[in-house]
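Engineer: From first to last, the protein sequence lines are chains A and B. First residue of the first sequence: 1, per our numbering; consecutive thereafter. First residue of the second sequence: 1001, per our numbering; consecutive thereafter.
Because the hints were derived from the structure by calculation, they are not lab data. The C-beta atom is built at its ideal place from N, Cα and C for all residues, glycine as well. It cannot be assumed that every hint is accurate.
[What the hints assert, rightly or not] Chain A regions said to be covered by chain B (calculated; three or more residues, Cβ under 8 Å): (1) 33-41; (2) 84-94.
[Stated by the list, open to error] Here are the simulated EDC-like cross-link-like pairs (lysine to aspartate or glutamate), alpha carbons at most 16 Å apart as the crow flies: (3) 93/A x 69/A; (4) 1219/B x 25/A; (5) 40/A x 1420/B.
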Amino acid sequence: MKFLRASNIKRCIGCNICSLTCAREVHGLISWQASGIRIKSSGGISTGFEATFCLACKEPACLNACPTDALIPRKGGGVIFKRQSCIGCLECKEACPVDAVSVDDSGFPVICIHCGRCVSFCPHRCLELVKE
Amino acid sequence: MVANRDYFRVLVVDLKREKSEVKRLEGRREFVGGSGLCALLFERYGLKNAPWHNENQPLIFAIGPLTGLFPLMSKTICAFKSPYHDQYTESHAGGRSALSLFFANLDALVIKEQARRPSLLVVGSRRVEIRDASYLWGLDVIKTGKIVRRLVGEASGHRSILRIGPSGENLCSFSCINCDTYRHFGRLGAGAVMGKKNLKAIAILGDERAFFPPGKNYKKVYGKIFKRIEDSGMMKKYHDLGTPANFKKLNELRSLPWRNLSATWDKDVDRISGETFAEGHLLRNLACSGCPIGCIHLGYIREKFMKDHRYYFEQVAYDYEPVFATGSMLGITDPVKVLKLILEIDAKGLDVISTGVALAWAAEAMEKGLISREETICDLKFGDAQGFLEAVGHLSNQETEFYRHLSRGTLAAARIYGGEDFACVLGQEMAGYATGELYFTAQALGFRHSHLDVGAYSYEQKHDERDVKRAVDFLIKDEPRRALLNSMVSCLFARGVYTNEYLAMCLESVGLKDIAINLDELSERIRFYRWKLRFDTGFSPEDIKIPRRFYKVESWKGKVNPKFLDELKISYGKRLKGLVSEGEKKWT
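Looking at chain A on its own, in the form it has when it is part of the complex (with noise of 0.2 Å):
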């Protein structure tokens, strides 16, 4: 299984385009926080930027709080997110311990698919998808 890791981050710009490619590319939105990868500076704009995203975690907390099993394991790490199971709770975004489920704008969970379509799109090549 292939997942996402931002193997480069020291070299992050800040300018964003993951955050708006996962929006736009994956979940049919225009948001640089609805988005499976999120971007914001480390201490202050001046020390660099962090990405928060779904570390593909073997034991999910998000899946293990969701009451309604919307989430369900990934093959070899993270989730995979069934909508119409979903009832908004958020307890997934509660759980999760690094902060990497964020919110769409009718309140549902969004989280990162490693499917790497911010990858191609990242001018500095912070990202990458990794084989593990």
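Assemble chain B onto chain A, guided by the hints.
Structural biologist: Below, chain B alone, put in the same frame as chain A:
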């Protein structure tokens, strides 16, 4: 929520009443957004005949119909009546401001009236708050930014923080609004407009979670534009040396202003060239939100402050213009000293180009004995950074009568102390291009007195002939497309990517076909609205004088031809007046 409305959604904030109103304004098809929208809003909320400091004058920020939807559509237009010349003007900046406004679900923010006490305005998609900021008054822009980030709390990474320094509070005519630390609404005194309103800072929270996609074709067109940017060579140009790549080229052309434009070439150019900064002083790059280029070059200052290997470390953005203004123009060729000066000017909230050029005039005035330490407190000598560093603080605080006059602009001071002949002012303090007669004319009479109003310096490098009609035709023809790009609002670095054909494609893909099919007329019309406001607020080409120093410049083409320069100025002034009278018949 839709991202492509065919009207404008504007938040009008009344600082005195501490109340705001969301307005739905028609006019998208006529005014488009950005620069055009600012003209519409100033026409509605501005007081053309009242001075800039009248508390009812608006401070306007506007984005365009393609902001947030396409790459490099990353600028915000700020419009106001300028403290510098008391006429309508615009200033543009990037950073996170444009996307923050977009994701705050606003096309524009209009700020009216004066707050009763120093204030912080917080604006989001579901939040408008005016908070006491008395304790921030007097702080520099760096400290202010840090405190405001903590105060606002939410939307980290997805917000823009605009603030002024002491120079804006003290109403300096060329104080700027700092935008996200490394970008600026600079030049013609936007900072003083905020200062007059008792508005220390504005936090714009881009906290609307998501918009629906604007059209079926949108994703495909986005991909095409992104590819076009990658193929254009822009990435390389701006990833590489950035705008400071111009130093060696302009010096070679004998067009780089040195020591208050007393020379246009110097053997020491290598010490402040783009290559020198990139190799020895570049820390990293940053981007405006939504732009993959990352043209912001951050330099670093590492200085030993104790014998025992104790260092401090600071970082500051550099570009061609700031390095020209604090480097070649002041005769300073030590890159670290240049960066320190830029940082000091930035921290006080002054515009770096205007400040550098004003101090260059002061140094020459001191050299010629027109002013002394009695006026300046410190010694101002070309090549001596320490004096200039001290002078920045004096200027920001307006320590003496002299600095009070200088804070109104170089010519304002020269009228009192003498030295008008060598004041390097073309409508406002010159930008770093001494390419010749056409550039001097274009900046002197330009809409914003900016080197970006028209591509005069570029035309001049390609045309040696002295043909008044052809040259002025170029200025007239070049401007409307820039007015259109400033209405979308694109970074002007992307003007080669966003031809009218591609702009039309983008507009059509987001459902704004009726704008897409009418770009040529809209460009002309927006240009007219902007100029009409300038003329209505007092602009008169005849009142602009080009100081003698510019008549003595020698570039690669030889000496400036005074007759050609005068003819260009007269002809361009007439054409601008003609544009407005023709436009009035056609569009009003």
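Engineer: Compare the structure with each hint and give your call.
Structural biologist: Taking the hints in turn, this is what the structure says about them:
1. 33-41: holds (count 6)
2. 84-94: violated (count 0)
3. 93/A x 69/A: At roughly 14 Å apart (the allowed maximum being 16 Å), residue 69/A and residue 93/A satisfy the hint.
4. 1219/B x 25/A: holds, 7 Å
5. 40/A x 1420/B: violated, 49 Å
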